[in-house]
Each structure stands twice: as structure tokens, then as C-alpha cells.
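For the sequence shown, position 174 (counting from the first letter as 1) is numbered 174 according to full-length UniProt numbering, and the numbering increases by one without interruption.
Simulated restraints on C-beta separations:
1) Lys347 <-> Ala439: 42 to 48 Å
2) Ala256 <-> Thr87: 34 to 40 Å
3) Asp314 <-> Ala282: 22 to 28 Å
4) Arg377 <-> Ala256: 37 to 43 Å
5) Lys355 <-> Asp249: 28 to 34 Å
6) Ser27 <-> Ala368: 19 to 25 Å
7) Ala439 <-> Ala368: 31 to 37 Å
8) Asp327 <-> Ala282: 38 to 44 Å
9) Ala439 <-> Lys355: 47 to 53 Å
10) Glu53 <-> Ala291: 23 to 29 Å
11) Gly177 <-> Arg248: 56 to 62 Å
12) Asp276 <-> Gly192: 53 to 59 Å
13) Glu134 <-> Gly177: 48 to 54 Å
Pairs of lysine to aspartate or glutamate residues, derived as EDC-like cross-links and limited to a Cα-Cα distance of at most 16 Å, are as follows:
14) Lys45 <-> Glu419
15) Lys355 <-> Glu365
16) Lys420 <-> Glu382
17) Lys332 <-> Asp129
18) Lys332 <-> Asp66
19) Lys45 <-> Asp411
Because the hints were derived from the structure by calculation, they are not lab data.
By construction, the Cβ of each residue, glycine as well, lies at the ideal position given by its N, Cα and C atoms.
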Amino acid sequence: MTKQIHLAAHFPGVNNTTVWSDPASGSQIDFDSFRHLAQTAERGKFDFFFLAEGLRLREAKGRIHDLDVVGRPESLTVLSALAAVTTHLGLAATVNSTFNEPYEVARRLATLDHLSGGRAAWNVVTSFDAFTGENFRRGGFLAEADRYTRAKEFLQTARELWDSWASDAVAADPESGRFLRPGGVTSFRHQGRHFDISGLFNVPRGPQGHPVIIQAGDSDEGREFAASSADVIFSRHSKLEEGRAFYRDVKRRLAAYGRRPEELKILPAVTYVLGDTEAEAAERAAEIRRAQVSPQTAIYFLEAVWGRDLSGYDPDGPLPDVEPNLDEGVSKGHAAFRRDRGELVAKWRALAEEKNLSIRELAIEVSAPQTFIGTPRSVADEIDHFVQTDAADGFIFVPHLTPGGLDDLVDKVVPLLQEKGVFRTDYTGPTLRDHLGLAPRTPNRTEETS
1 MTKQIHLAAH FPGVNNTTVW SDPASGSQID FDSFRHLAQT AERGKFDFFF
51 LAEGLRLREA KGRIHDLDVV GRPESLTVLS ALAAVTTHLG LAATVNSTFN
101 EPYEVARRLA TLDHLSGGRA AWNVVTSFDA FTGENFRRGG FLAEADRYTR
151 AKEFLQTARE LWDSWASDAV AADPESGRFL RPGGVTSFRH QGRHFDISGL
201 FNVPRGPQGH PVIIQAGDSD EGREFAASSA DVIFSRHSKL EEGRAFYRDV
251 KRRLAAYGRR PEELKILPAV TYVLGDTEAE AAERAAEIRR AQVSPQTAIY
301 FLEAVWGRDL SGYDPDGPLP DVEPNLDEGV SKGHAAFRRD RGELVAKWRA
351 LAEEKNLSIR ELAIEVSAPQ TFIGTPRSVA DEIDHFVQTD AADGFIFVPH
401 LTPGGLDDLV DKVVPLLQEK GVFRTDYTGP TLRDHLGLAP RTPNRTEETS
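With the hints as constraints, model all of the structure from the sequences given.
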């Protein structure tokens, strides 16, 4: 049976995917940039538009690391504005479950679901580091081992709040003078390890019941959390065989939670580069990678792993001959610090020796490469092959330019997927759950009748 492909668009957050210095790049903050990218995605009939989030600026050597895109407006605010200039596109926000509270997040997401007519989604992320936590009242209080226990309870609590309103709780009956149906709203009481709250939730149930839940963890615990609770996985496995292995592993976990494979969509983050010929596309891809990994960025990238000041090294020269400092570091807010850095340095040295790579060439080699490179036809064929061979259910495209980075994909590749019959030519329903083929969430309680 031919599978239908799901596509989404990602406006990158704090990272070096976006080439902000490119002459074709626009503002990373102005609303017009968000509107252009979102409306392009909707023109391409994409499932949703996805905003990342960073809660603290990265630092290097005690200063702001400004080689990346270092600041973005708050996601749910932007998506609420986009709800007014789009009609069908899903609107997904990354909201941290470590440094927020369930009542407030549930209220804001239910509001977005109402404002958009049922298009809200929540990417549930966690944070464990005290560096980020310093921005918050209880900074650094959460051990990394507890981040998923809090995330699970956070999501469970939010769902209890959404479910405290029946689907038909709002009667608005002028004859009886009743606005709310008797029994349509119940009080909530949650007592757990991380949250002890009670009261009455103040936002009616959204059109989808619950917003679509996205999860991005790749650890065993993260995969289990996704299998139990998520509707979409934002995966990092964009290579064919890795994707197939991840797909099999996560889908097999669903049965333990009474779920079917089609109830969880696996969408890797990917990039693309198009050309009139394969050679032209490859040349453009190499130019983009060198723009993404500048000489300064390459040095910073290694400093985050070495834990040392490497500014004296030539980015076009060999790797540092000094051993990494595993106790301290010069960079903060970088995911590299969460790895086994000693093992990683040994692996990189072996790779650099095998391929005779400079510092910059190694940084390009080991940091996320482009996924789909070729002509529009070959890229369309490869996207389809990934999905039909169960390496993914679709993809979240991360453009290197804002706001025009999706234009070529929508204009040149999407029509070919539609021609193949593997991608929609129009939306078939108003909500994001409709786009993803997911049923609305119904309340997990017995509703009284009027």
C-alpha cells in the first residue's frame, strides 16, 4: 500500500543552520519573515509550521556566542499572530517542561487551539542544565535523571486540565440563562512528585480535544515517552538505514500502550539543496555548508568539546594536539557538553587522520550535513523512497535561509510528489489532527448529560 507523505516546516532556533549573513537572508525577528515562511508552507499544503525555542543565549569564553542566530521572539506569541494569516497550517511551538508550569502552558496551548480553529501542537522538551536554569527562580534544581519523570507528569497534568472541560460544556442557552452546561466543567486535583495543584481550569476544551503532542528525545527513555504519549516524533535520523532502525524500534513500542503504528508519525529533521543538475546541486551544497561552518564557527565547535580556548589554532590546519579538558569548559549552552567528550575527541581524531581533514573540514563532516541534494526530480524520488521503505512517515524541513528557504521546495518538489500521488493536493480537514490522520482526543472521564 502506498503511504502518504507528511511534510512540515521548521523555522530554526539558536543554531548555525541558518546562514543569516547570506545576502538573500531576511530578518530573524520581523513578523514578515515568520509570515512568509508559514504561508509558503501552507501554499505547499504542509501539515504544520514548527518553531524552536532557546531559553538562554549560548556563551563562549564568558561572552555571548553571536555567530549563531542568538535571539528569537517567544514561540506561542508568534504562532498566535500566524493563526490570523493562515487557514489550515498546523502551528507547533516548542515549550520547555522543566522551566514552566502545567496550568499556564495548558492555558496558552488551549488558547492557540481555539484561535487557530484546531491547529495547535506542542513540542514537549526538557532541560537539565543549571546554566539555563539560572534564568529561572528554581534554576538548576532538576537532575538530568528526573527530566523525563517531570515531563511525563507535566504532560499528564496538562491533559487532566484539558479534560476537565467536556466537549459541549459551553451551552450558551439564552432561554435557560445558562452559559455552562451543568456538570460540563469539573474541578481538577493532581498530586504527584513534581506537581500538587487543584482548582478549576479556565479555558474551554479546544477543537482538537488536546493539541498535537510532539517529542524529540532519542534516548531509550525518550523513545518510550514518545511511544506512550506523543503524536509526532521530531527525529534526528535522516540517513536511510538509521531511519529504518529507529522507525522499527519506536513503532514496535506502541503496542505496549495499546496504540497502533499509524498513531505516531516519525518525521526526521532534514535539509535540501536543489540544482538543475546533480553536479550543480552538489556544488551549491558544499558552498552552503562552508557558509554554515565559518572558520570562527569551526573553532567554537571544537572548543565546546575540547573544553579549552583553541583560538590560537588555524581552522584550516590540523586538529589540536592538546588533550580535552573534561572538567571545565569555555562554552555554555552547547549540547556537546552532554556527550562523552573524551570518547568523541578520539573518534574525531581517527576520522581526521583517515580523511586528512582540517579543523573546519572536520566540523563540516561531523555536523549535520544536507539530507536531500539533487535535481527536483531526484529529491522527490528520494523523499518518496524514504517514506515508502519505512525510514520515516515524512519530514520536517529546516531551510538554511529565512524567509525564502522553502520557496524552491514548494514550487519545484511538492508538485512532483503530488504527481506521484503520495502527497495531498489540498487539505481534507481543518485541524492538524486531520492533516496527520489522527483522531481528536476525547475526555478521559465520564461526561454528564444535560
